[in-house]
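> Those protein sequence lines, which keep their order, are chains A and B.
Residue numbering for the first sequence follows this note's numbering, beginning at 1 and increasing consecutively.
Residue numbering for the second sequence follows this note's numbering, beginning at 1001 and increasing consecutively.
These are computed hints drawn from the structure, not numbers from a lab.
Note that the Cβ used here is the ideal one computed from N, Cα and C, for glycine as well.
Any given hint could be a false lead.
Counterexamples of contact, computed for chain A against chain B with all Cβ distances above 12 angstroms [said to hold, decoys possible]:
no. : residue
1   : Phe-101
2   : Leu-128
3   : Gly-217
4   : Ile-223
List time: in silico DSSO-like cross-link candidates among lysine-lysine, alpha-carbon distance up to 30 angstroms [claimed, not checked]:
no. : chain 1 : residue 1 : chain 2 : residue 2
5   : B       : Lys-1125  : A       : Lys-220
6   : B       : Lys-1131  : B       : Lys-1060
7   : A       : Lys-219   : B       : Lys-1150
8   : A       : Lys-74    : B       : Lys-1150
9   : B       : Lys-1199  : B       : Lys-1069
10  : A       : Lys-222   : B       : Lys-1150
11  : A       : Lys-74    : B       : Lys-1199
12  : A       : Lys-219   : B       : Lys-1131
13  : B       : Lys-1125  : B       : Lys-1150
14  : B       : Lys-1060  : A       : Lys-74
15  : B       : Lys-1125  : A       : Lys-219
16  : A       : Lys-219   : B       : Lys-1060
17  : B       : Lys-1069  : B       : Lys-1131
18  : B       : Lys-1150  : B       : Lys-1131
19  : B       : Lys-1069  : A       : Lys-74
20  : B       : Lys-1069  : A       : Lys-219
21  : A       : Lys-74    : B       : Lys-1125
22  : A       : Lys-74    : B       : Lys-1131
23  : A       : Lys-220   : B       : Lys-1150
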Amino acid sequence: MTISPSKKKEKIDRLAETAARDDERGVSLWQEAFRRLRRNPAAIIGTVILALFVLVALVGPLLVPHAPDAQLWKGEVRLGDFPGPRAENWFGTDQLGRDEFSRMIVGARQTLLVGIVATLIGLAVGSLIGGVAGAAAGLGGRWGRAIDNVLMRFIDMLLAMPSLLLAISIAALLGAGLTTVMIAVGVVSVPVFARLLRGSMIAQSNSDYVLAATSLGVKKPKIALTHVVPNSLAPVIVQATLTLATAIIEAAALSFLGLGNNDASIPEWGVMLADAQPYLDSAPRLAILPAVAIIITALGFTLLGEAMREALDPKLRK
Amino acid sequence: MALLEVEDLSVTFARRGQRTVHAVDGVSFSVDAGEVVGLVGESGCGKSVTSLAIMGLLPKQPGLAVGGKAVFDGTDLLQLDDRSRRDIRGRDIAMIFQDPLSSLNPVIPIGLQVTEVLTRHRGMKGAAAEKEAAELLDRVGIPDPRRRLKEYPHQLSGGMRQRALIAMAVACQPRLLIADEPTTALDVTIQAQILELLKGLVRDSDTALLMITHDLGVVAGMCDTVNVLYAGRVVETARRRPLFREPRHPYTVGLLGSVPRLDAGRGERLNAIPGSVRDVLPWPDGCAFAPRCERRVDACVGEPPALVLAHHGRSYRCVNPAPVAGYAPGDDVRAVVPTQAQPGSVPAQAVPDDPPTVPGLGPAPREEESA
């Protein structure tokens, strides 16, 4: 197969353009990773899904046709027979005569909020523990090893418990509610971030540029901050994206179990899924719609996360 | 007294259930100000471990022991505490590594990495540090240094990266520079430029340079004195010319003989030393090179060969060295390398200029090299 001359020329032009752009200012590792990301179809699909999701979550509630908690079609609800999809209710109504489409849209905001806040909690706490442990392990010495040991054994304890069980315990302890779900799901993701950052930092501590910096007399805390941590962040960022997916699923699971949002006026996909259970035979769409929404959102985060992993992996770089 | 005197340096790795490995075994050499000293040997012979031991950069782990002395300007580097060691590193002694890409932090700009040293040892900050960093890059031959300071390592070519690393190493005008295979990762034209740069830096500032390499071409172009290392021991020490003209230790002979030559005929085989230093682990009690040696005799086994002092500050550890008589300077080295091992027989040889073996003595005082 031969490349047509015009295509070839186009390619060369593009390369020249890129080179010229590079010339003007430094292109960091992140900028280069972003460029690779843009070429990955999985990343594009993931980003489109997430952009739609975020858009719906942000502006959707302002545009919904009906109030999500108004039982406008209560009169039409019969046992085992709720109004199905039609012009005024695109997704039909639920068992209480509320517009299912409006509830789905408004529920997106809750889901996004829970996912992001829970992930941020896990990221912040996990990175703090992992960063301190990683730096302590890198410093070495009796104290360094001791600090690393204590922190990591604590993380091992968290990790030893099945994540959903741990989340349920925390939720039971704090009482049902949206904040509870965020904290519970966040705590569950702490060990992953802590171990990831620590492991990554220890691996980087053995790298040549750390040896080179050491050979120039740079002090260890400075090396940890300027050399080790920035190089250890890539896997953590990837993990954060992937954790958003699991956080959404876990939050839905907690809501499904009745530990989530107890304010009936605010719809949430997990709660909707749980509420749809008794009507699986008469109105399966009430379960299928929120389930599909959860799956698509999680898929979007996963696609983007995996694409980022590839883009940031130094082994896969050209 | 020389600037750096390494005496009887040893590094051992002990592991439970395994034989202790003497990675470096009684290595002694010295480096003077303004002098380029080569540490030559194949992979696995202890070159890098020697340099890391001098710098105190070997990982602190159980089973790893460093012995002997490395006296730098009157202080034994091996006895220093961590703090004084850190103060010396980068300021008085600096190191240049083999792989410039992996020795630079990929996620921060070059400028930050150069100013880091200036801040640490010279207390420079902000614009002053940046100005000095630009001047350093300029001095090591990086064009447009202001712009390069803002760039990341992957945007620089291999040669530029090594120049940047050299700039970091010479930022505080160290008195000793240790270069661990500084050109191995570079192609030949760049290699020549980097060596030229190092030579210039040494000449201009009277810096001592310890050059660690396996490349005899580098040695021929750079070093004043050469120490040939094998299996953690210095097997031969000589000024550059005598070493190339009349190598005494069979290992040196083999190394020189294995250099590919342009004038070799097409299809002619390269002369490699059979085997590898790692094939014969654990290294035998006697001469570690004996299993691969073509001049092996009975006396090679048992005790490590003692240091033999020869004229012109030369020394070697071999009981059956290559003869010097019988060929004139400039002759093809391979012409005098025996082609057949003759175990059990000591070939008759005339070695008139060698004093008798003096076990346990350091190298004789260096004499002027005969031109």
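> Against which earlier hints does the structure fall short, listed by number upward?
3, 4, 6, 8, 11, 14, 17, 19, 21, 22
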